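Peer 1: Residue numbers (this note's numbering), protein chains in the order written: chain A, 1 to 290; chain B, 291 to 736.
None of these hints come from the bench; they were simulated from the model. The structure presented is a predicted model; accordingly, all values stated were derived computationally and were not measured.
Derived list of chain B stretches under chain A, where covered just means 3 residues or more per stretch with a C-beta under 8 Å from a C-beta of chain A:
id : stretch
1  : 292-302
2  : 365-374
3  : 382-391
Covered stretches of chain A, going by a simulated chain B footprint (3 or more residues, C-beta under 8 Å):
id : stretch
4  : 43-55
5  : 71-84
6  : 95-101
Among the chain A residues that face chain B by a calculated CB cut under 7 Å, a handful are:
id : residue
7  : E88
8  : V90
9  : Q92
10 : S104
11 : F105
Using N, Cα and C, we set each Cβ at its ideal position, and we do this for glycine too.
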Amino acid sequence: MQHPYVVARELTKAFDAKPVLHDVSFEVRPGDVIGVLGKNGAGKTTLLELVLGFTPASRGRVEVFGHESYRLPGAAKARVGFVPQQDELVNQLTAGDQLKLIRSFYATWDDALVARLIDVWDIELGERVKNMSVGQRQKLSILLALGHRPDLLILDEPVASLDPLARRHFLEQIVEIAADGNRSVVLSSHIVSDIERLANRIWILKDGRLHWQGDFDDLRDSVVRVHLRIAQPLRAQIPNALTVDLGRSHATAVVHGWSAELEAEIAELTGTTPEVEGLTLEDIFLAMHR
Amino acid sequence: MRAVLRLIWTYFTATPLTRGLAALGFLCMACGMVGYLYYPPWTLGNGMRNMALWLQAVLTLAPWLGLVLLFFASSLLPAIVERLALGRTILVLPGARVALLVSAVATAALIATLTALTGVFALYYYPTAIKPENVFGRTLLVVFSDISVMYVALWIVGKTRGIWLLIGSLLIALGIFTPLGVIGRPSGVPAVAWVGIAGWLAFALLLLFGSRVKQTFGRSLGGPVRRARRALPRPAYASGAEIDLPLGTTQPWLVALGQALPIVAAALLFRQPIVWLLFLALLSAVAGAITSTAAARSRVLWLRHGWTRAELFRRVETAYWRYNGYPLGVLLLLYVAIGSYLGISTPQLAFGVPLLALGSVASLYLGLTITRGLTWFEAALGIATMGLLILTAVTIGDKAPSRATVIELELALLALTVTYRTLASARWNALDWMACRNGPATRTAG
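Sequences are here, hints too, so could you generate the full structure?
Peer 2: What follows is the structure in structure tokens.
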């Protein structure tokens, strides 16, 4: 088994004595495509910044490629790609000059990949960055992060400004990267459907804690909606319920930790066999935040 | 190394304008150097040998003009360095901070080395009491330090308006003239060199460790800083019309008062009328140049009021006349007061007043012509106007100024001003706010 690219143990980060992340532990293994979900202010960007070593942890430790992230050496940085929430392009340069500038920092650069993406994403190399639309700028930012074929690609809400077609192309590219079992992607986004299509692992941040981390399939198996036909009012609360909607003869609940034992417990409590319905990631996310 | 070279290349070739300036600068330098090497020297006092006076003048000035052009060709260095240094991407680019620092130092060193070489060649061409071999190191040090101050000034000019714009422009003016006064002195490391070295050290520390400090302590320090700011008296909008808010013309007195200090300092430093007048003429142009961002700023006014584009132009024009009246008034008062104190002749005083007024008004209308960002055309007009201002100031500053020449020059400035006003009015009548984005190049031009 390969070593994880990122290992974080009991990470805590506080700003101005105000905690943003509490005791967060996780790993990023080769081949992982991790979708990070959370409400605004949940700590997604802080988490990514800790991984990238932009800021030191108040407590705990993050290691990237075996090095403390806050003191990441150049060789390790060359294996990391990063797309920030707001692009950091130089307005005065053309897209082509910007590419050449960033390319000069890396020993390896996949010209074929870059040329293909320029073609697919319709990036005009002669266009000055300041004259580009927000979406075009974001495409260029993503291109700059992909050009050196990073082993670990970290994207902080990268697709919000892209049109649906560009988003699809971008997601295909991420899938292609992920298909190479040695590479990993950590992607935060508010577009849950994108993460649903892309990620094989999910982190859900809530109130500064990793409320869920694990395989997406496990999450889907774990959080389900159950429909119950009830003849009389429920005598007790439905166990593990995240949400409950009660009708006269019908109750619907979203429960977590679904298992045969839980099913039996609910059946005994309600006197009826629950009907189970799978949920989309968006439904799961909303249920967790109600 | 590849990144350093790419960065240096980018500083000089970021835009068509800087590429043109760089090419022209190198061409001027190369031609001038060839002239210094292969044409017979002109011995001061012994007249010319084998060359016409105009050719002599061109040969003498070409390398120096080339150096100034080269410096301005790299004028986007501060903006590019700032953009890269303050971003977070730099923290994951391998070796980026060191490369950025080395590229900035190397660019300044390149221009300083070329200047020092030019100085040595020039001293062979014009034999003087100063030994050429003693000049190289001293020039290198002084110009290298001086350029650091000039880059800071360019950064200030490109980033800010109002009083900081004036301070930045003042630093550029001082930066251009300072080496001339310092290099010829016999010995010792001049103070400007220490200032420059300290500046580079501070820059290096900030670049290498600044982002870490900011990331580590930024948010923690944010609270106390915010509290301290709240405790300070807040600036209040006390006067002016609504139009002044979007145009940034609410506090003309601040700019007017801000001019007073450098002018008094300049009067004490440069007692020769020619230098002092030149300085004032440049300041008058700077005060007027706030208008270069007016087009972009005026959109909100057009949306808010029922004005046509023509009416909008007239209102904006009036607002800037009102705004520029204060700095120009202070400029004229100080000119007359300090000029009388320094014993400037009456004709010089009389000719200087319209020069300052024309400098301010010409730059005001030149700024208003910039409605589609800064292009070659506006840049050429700006250089021509500045050249005419300098020429007029130099002519007036002469011990016995030719009145006819001065009047001709001032009439030319007046004609230029009227042309700018006509052009600006025509452009504002067809103003396209999609095209007049307020980019850094426009701000720097201002």
